[in-house]
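A.B. asks: Assemble the complex: chain A is given as a structure, and chain B must be docked to it using the hints.
Sequence lines, in order, name chains A and B.
Per the numbering used here, the very first residue in the first sequence carries number 1; after that it's consecutive.
Per the numbering used here, the very first residue in the second sequence carries number 1; after that it's consecutive.
Quick caveat, the hints were computed from the structure, so don't treat them as lab data.
Heads up, the beta-carbon is just placed ideally off N, CA and C, and yes, glycines get one too.
Mixed in with the good hints there might be a few duds.
Unchecked claim - Computed cross-link-like contacts, BS3-like style, restricted to lysine-lysine with a CA-CA straight-line distance of at most 30 Å:
1. B:Lys26 with A:Lys26
2. A:Lys240 with B:Lys415
3. A:Lys415 with B:Lys233
4. A:Lys20 with B:Lys17
5. B:Lys503 with A:Lys415
6. B:Lys508 with A:Lys450
7. A:Lys503 with B:Lys26
8. B:Lys453 with A:Lys17
9. A:Lys133 with A:Lys254
10. B:Lys503 with A:Lys443
11. A:Lys409 with B:Lys508
What the hints assert, rightly or not - Chain B regions said to be covered by chain A (calculated; three or more residues, Cβ under 8 Å):
12. 148 to 161
13. 446 to 454
14. 477 to 485
Protein chains: 2
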Amino acid sequence: MVAWKNLDTLTAFENLKALKNKVDIKVAMAGENGAKRVNEYKVPMAEGMSFNYAAKQVDDEVLAVLADLAKEAELVAKYKELCNGAIINTGENRRVLHQLARKQQGDAVVVDGVDKRAFYVEQQKKAADFANKVHAGEIANEKGEPFTTVVQIGIGGSDLGPRALYIALENWARVNGTLKMNAKFISNVDPDDASAVLATTDLAHALFIVVSKSGTTLETLTNEQFVRDALVKADLDPSKHMIAVTSETSPMAKSTAFMQAIFMDDFIGGRYSVSSAVGGVVLSLAFGPEVFARILNGAAASDDLANNESIFENPSMLDALIGVYERNVQGYPETAVLPYSQALSRFPAHLQQADMESNGKSVNRFGEPVDYVTGPIIFGEPGTNGQHSFYQLLHQGTDIVPMQFIGFKENQMGKDVVIEDSTSQKKLCANVAAQIVAFACGKDDENKNKSFKGGRPSSIIIGDQLTPESLGALLAHFENKIMFQGFLWNVNSFDQEGVQLGKLLAKKVLAHDTEGALKVYSDLLEI
Amino acid sequence: MVAWKNLDTLTAFENLKALKNKVDIKVAMAGENGAKRVNEYKVPMAEGMSFNYAAKQVDDEVLAVLADLAKEAELVAKYKELCNGAIINTGENRRVLHQLARKQQGDAVVVDGVDKRAFYVEQQKKAADFANKVHAGEIANEKGEPFTTVVQIGIGGSDLGPRALYIALENWARVNGTLKMNAKFISNVDPDDASAVLATTDLAHALFIVVSKSGTTLETLTNEQFVRDALVKADLDPSKHMIAVTSETSPMAKSTAFMQAIFMDDFIGGRYSVSSAVGGVVLSLAFGPEVFARILNGAAASDDLANNESIFENPSMLDALIGVYERNVQGYPETAVLPYSQALSRFPAHLQQADMESNGKSVNRFGEPVDYVTGPIIFGEPGTNGQHSFYQLLHQGTDIVPMQFIGFKENQMGKDVVIEDSTSQKKLCANVAAQIVAFACGKDDENKNKSFKGGRPSSIIIGDQLTPESLGALLAHFENKIMFQGFLWNVNSFDQEGVQLGKLLAKKVLAHDTEGALKVYSDLLEI
Numbered sequence: 001m002v003a004w005k006n007l008d009t010l011t012a013f014e015n016l017k018a019l020k021n022k023v024d025i026k027v028a029m030a031g032e033n034g035a036k037r038v039n040e041y042k043v044p045m046a047e048g049m050s051f052n053y054a055a056k057q058v059d060d061e062v063l064a065v066l067a068d069l070a071k072e073a074e075l076v077a078k079y080k081e082l083c084n085g086a087i088i089n090t091g092e093n094r095r096v097l098h099q100l101a102r103k104q105q106g107d108a109v110v111v112d113g114v115d116k117r118a119f120y121v122e123q124q125k126k127a128a129d130f131a132n133k134v135h136a137g138e139i140a141n142e143k144g145e146p147f148t149t150v151v152q153i154g155i156g157g158s159d160l161g162p163r164a165l166y167i168a169l170e171n172w173a174r175v176n177g178t179l180k181m182n183a184k185f186i187s188n189v190d191p192d193d194a195s196a197v198l199a200t201t202d203l204a205h206a207l208f209i210v211v212s213k214s215g216t217t218l219e220t221l222t223n224e225q226f227v228r229d230a231l232v233k234a235d236l237d238p239s240k241h242m243i244a245v246t247s248e249t250s251p252m253a254k255s256t257a258f259m260q261a262i263f264m265d266d267f268i269g270g271r272y273s274v275s276s277a278v279g280g281v282v283l284s285l286a287f288g289p290e291v292f293a294r295i296l297n298g299a300a301a302s303d304d305l306a307n308n309e310s311i312f313e314n315p316s317m318l319d320a321l322i323g324v325y326e327r328n329v330q331g332y333p334e335t336a337v338l339p340y341s342q343a344l345s346r347f348p349a350h351l352q353q354a355d356m357e358s359n360g361k362s363v364n365r366f367g368e369p370v371d372y373v374t375g376p377i378i379f380g381e382p383g384t385n386g387q388h389s390f391y392q393l394l395h396q397g398t399d400i401v402p403m404q405f406i407g408f409k410e411n412q413m414g415k416d417v418v419i420e421d422s423t424s425q426k427k428l429c430a431n432v433a434a435q436i437v438a439f440a441c442g443k444d445d446e447n448k449n450k451s452f453k454g455g456r457p458s459s460i461i462i463g464d465q466l467t468p469e470s471l472g473a474l475l476a477h478f479e480n481k482i483m484f485q486g487f488l489w490n491v492n493s494f495d496q497e498g499v500q501l502g503k504l505l506a507k508k509v510l511a512h513d514t515e516g517a518l519k520v521y522s523d524l525l526e527i
Numbered sequence: 001m002v003a004w005k006n007l008d009t010l011t012a013f014e015n016l017k018a019l020k021n022k023v024d025i026k027v028a029m030a031g032e033n034g035a036k037r038v039n040e041y042k043v044p045m046a047e048g049m050s051f052n053y054a055a056k057q058v059d060d061e062v063l064a065v066l067a068d069l070a071k072e073a074e075l076v077a078k079y080k081e082l083c084n085g086a087i088i089n090t091g092e093n094r095r096v097l098h099q100l101a102r103k104q105q106g107d108a109v110v111v112d113g114v115d116k117r118a119f120y121v122e123q124q125k126k127a128a129d130f131a132n133k134v135h136a137g138e139i140a141n142e143k144g145e146p147f148t149t150v151v152q153i154g155i156g157g158s159d160l161g162p163r164a165l166y167i168a169l170e171n172w173a174r175v176n177g178t179l180k181m182n183a184k185f186i187s188n189v190d191p192d193d194a195s196a197v198l199a200t201t202d203l204a205h206a207l208f209i210v211v212s213k214s215g216t217t218l219e220t221l222t223n224e225q226f227v228r229d230a231l232v233k234a235d236l237d238p239s240k241h242m243i244a245v246t247s248e249t250s251p252m253a254k255s256t257a258f259m260q261a262i263f264m265d266d267f268i269g270g271r272y273s274v275s276s277a278v279g280g281v282v283l284s285l286a287f288g289p290e291v292f293a294r295i296l297n298g299a300a301a302s303d304d305l306a307n308n309e310s311i312f313e314n315p316s317m318l319d320a321l322i323g324v325y326e327r328n329v330q331g332y333p334e335t336a337v338l339p340y341s342q343a344l345s346r347f348p349a350h351l352q353q354a355d356m357e358s359n360g361k362s363v364n365r366f367g368e369p370v371d372y373v374t375g376p377i378i379f380g381e382p383g384t385n386g387q388h389s390f391y392q393l394l395h396q397g398t399d400i401v402p403m404q405f406i407g408f409k410e411n412q413m414g415k416d417v418v419i420e421d422s423t424s425q426k427k428l429c430a431n432v433a434a435q436i437v438a439f440a441c442g443k444d445d446e447n448k449n450k451s452f453k454g455g456r457p458s459s460i461i462i463g464d465q466l467t468p469e470s471l472g473a474l475l476a477h478f479e480n481k482i483m484f485q486g487f488l489w490n491v492n493s494f495d496q497e498g499v500q501l502g503k504l505l506a507k508k509v510l511a512h513d514t515e516g517a518l519k520v521y522s523d524l525l526e527i
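Looking at chain A on its own, in the form it has when it is part of the complex (with noise of 0.2 Å):
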């Protein structure tokens, strides 16, 4: 059995505290030994990718502490235990088996005589059939016309990381004759949102997945009712155009107001859920059910990573220290997430999503408060275009934000142009290049409004293209970073209690069941 210890009773942790301000990168990242950290300072990755730390605030000494600390808090361990099927999830007394939609990691996990690997391989499989017969035609809409659109209805985690994904592969897929279906996206209670979709989208030839486990999201079942009311008033039967995404016990499971439902379960929470059928058949019907298979292998061989012991082949793991050193030794209250492509451009709101729900907690998987600061604030948009933007905050601004670079060699279309005899894709990468090392060692100049102090601390993930199997190890390497981080605050990743509250207050508002301030409010916005 492991333990589940608070960081700040970890005898690692201390040493690490110790090592406040160890490296100056600035000096470290200059001259020959810099270019020795960036020869060094890499570990493989999965799917021919690789995790470059050189121009982080580490060396040897520093490298052999968060060792220490992997081994002192059994992080491997713990995930051994969560693939294993341990109720991880403490809060809401559940599993936590996302990793387990794209492979059998550990020991099988039968819950009520269920294997859910079979249930997720199940699930997969509807998905595949149902996203091929409507590829061939033969699900079709009322006048046997070929559906050409999917319209995915969620929220939050059912919304971001689908569409980061589907964002990531749609010009891949056009390029390689893979885009199947275009794919929209419907989250917002606004109800401009939902308007918006419309306006612009062929209802007769649309189908819409309704995705909510519950069956009961509000601003979701709000949605599905305006897509009814729309179809209805084009004289089309939304039962022909509508399939659930939902779990076996919701009133959407059997309702023959879907033409289907593929099922997720309670071991998948929302932001985790792209491995699922929230991701599965949004995806297998825009890209057909290959591409959304190798997105999973991509996974899986990330989640391979994460069973290795030594930090320096286990990327996700070694990311994780990292950060925690970041925040709880050096202080540094953000990380911004910063993809040198733009295909990655809403990748870090779902990191946003996925890293700060999780880990954004003051209280042990135990309930008890923790004498430390958890997670970071997560943003990021994608360079060059950042570059025009926030960057002038992240070189000369008074607080230091620790940056994660991602760089593909190649880019998706395989088009391009020469200029000042350089390609764009080459200019794309020398720029990330630039800006590592321009954040790492600074210059200094006379003029002190155009010197730059240096010392600010970055990573960079270097693949080869952004494919599928590349985007799903990304994906995975995030999601397991976040685990061990979690592991390490020792704070439960996967229960959100933090949205209740909100949640509650609307009901009262919407019910005028107000007083106070809340009643006031609810005045002056006229409710």
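C.D. replies: Okay, now just chain B, sitting in the frame of chain A:
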């Protein structure tokens, strides 16, 4: 003459520091006192909007010191100097005239014999004439067919602001019959950005705006060439599909490669340029010149309020002062911008640039290092989406993140659905009201995992509907907030030297003129 002094030399700031943690909003916002605060702690904004700061950690005593600080820092006098054409951008020895593009606020500003207000109006007229001719079919493609899509090629300020505003009004324009052309944007040097846009654009009916003040922005020139190649390949004449927005002295100004050039100048920085031709041309083409004029009118109305000496009649100044209290006294490093409006989905990204690029500085306007923190990290996503994502951390994380909500009583598109006795719009408004109170007041629970500490400060801007006028007023409110904060921190909010080093190093990489770490990163990325 005003005196430019560092924040920590001001007496009022010393007094403010003594008021750290003065107000416990969990207490202040409870019961009838809370109701009283919500009723009283609000200031009218332009265009019928209202800035409500009841849930901020202020009381009459804090507000009195903030008023002292405004006076001692001569905030309004500095704004008036700016409007009168003073060299506020000291680093680049430039005036700051984005407000002048909206209205003559102060004295005539004449530079090299040119009245700048007349210059901006002339460019607006050129943009309007051009747009009207395009809409009337007088300016058409090679076959005399109308242009239906406009594509803006630009990065940073030439992208984020215009894009955010286009998205903000696209659906409003659709239902109001003023969506004249679809607008798209190409920004990133990643060649997949241009490829993806072109793959879904009918080139024969597309008009491209190339936006670069200097005419030398590498990303933009590269994307321009990318588009030119595509037009030629489609047997189209690029010079009949492209116009330029640039400065009069740039190589693009007189080039025959463009149908026309419309001008900007050095006195409106990129992140403030949405009011100039940078925003004017694309928005006039998309929505018609009248709509763009309405945006400017709304902005001018906010600018008018910035002249008021009283903090209770100057919402952007009050917002700025509270932000400095939170940043420099309370010690919060971030601000979340949370619009409850799907149409404002990219408005936080624009503000992220506007704020972080303006005030992410470590030296004052004289180039001397400051001993206090300056601009915060800005991030945000629309609600209710964010509630199902990163709000968990905002509610229950270990750090406090001040929040800036925005809400409207009515939606833009007029369609809605009633579920459980309320419309989606009411649900949207109920949620934002509920969140403010949940964040401020929290809720105790025996189960600490379900406990909410409260004490998390927020403000809300409430408007009737997101229209061209209210959007312009919002834009200018935040621009002026940033300006006032820059005055308080005594930084130059209008240069961006922090972007230079990366550019320089990227050029070295592309020239293969590197050594040390930079060379190894270049090799790893196969540049």
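A.B. asks: Each of the hints needs a verdict: does it hold here or not?
C.D. replies: So, going through the hints one by one against the coordinates:
The straight-line distance between the Cα atoms of Lys26 (chain B) and Lys26 (chain A) is roughly 44 Å, outside the 30 Å bound, and the hint therefore fails. For a cut-off of 30 Å, the pair hint linking Lys240 (chain A) to Lys415 (chain B) stands: about 23 Å separates their Cα positions. This hinted pair checks out: Lys415 (chain A) and Lys233 (chain B) have alpha carbons roughly 13 Å apart, not beyond 30 Å. Between the alpha carbons of Lys20 (chain A) and Lys17 (chain B) the distance comes to roughly 29 Å, so the proposed pair stays at or under 30 Å and holds.
The straight-line distance between the Cα atoms of Lys503 (chain B) and Lys415 (chain A) is roughly 24 Å, inside the 30 Å bound, and the hint therefore holds. Taking the CA atoms of Lys508 (chain B) and Lys450 (chain A), the gap is near 18 Å; set against the 30 Å cutoff, the hint holds. Between the alpha carbons of Lys503 (chain A) and Lys26 (chain B) the distance comes to roughly 19 Å, so the proposed pair stays at or under 30 Å and holds. Under the criterion of a C-alpha separation no larger than 30 Å, the hint pairing Lys453 (chain B) with Lys17 (chain A) is consistent with the structure, at around 28 Å.
Between Lys133 (chain A) and Lys254 (chain A) the CA atoms are separated by roughly 21 Å; this keeps the pair inside 30 Å, and the hint holds. Under the criterion of a C-alpha separation no larger than 30 Å, the hint pairing Lys503 (chain B) with Lys443 (chain A) is consistent with the structure, at around 13 Å. Using a Cα cut-off of 30 Å, the hinted pair Lys409 (chain A) and Lys508 (chain B) holds, with the two alpha carbons roughly 18 Å apart. Coverage of the region 148 to 161 of chain B by chain A holds. Counting CB-CB distances below 8 Å, 5 residues qualify, and the rule asks for three or more.
Proximity of the region 446 to 454 of chain B to chain A, defined as three or more residues with a beta carbon under 8 Å from a beta carbon of that chain, is established by the 7 residues found. Counting residues of the region 477 to 485 of chain B whose CB lies closer than 8 Å to any CB of chain A gives 0, which falls below the minimum of 3, so the coverage claim is violated.
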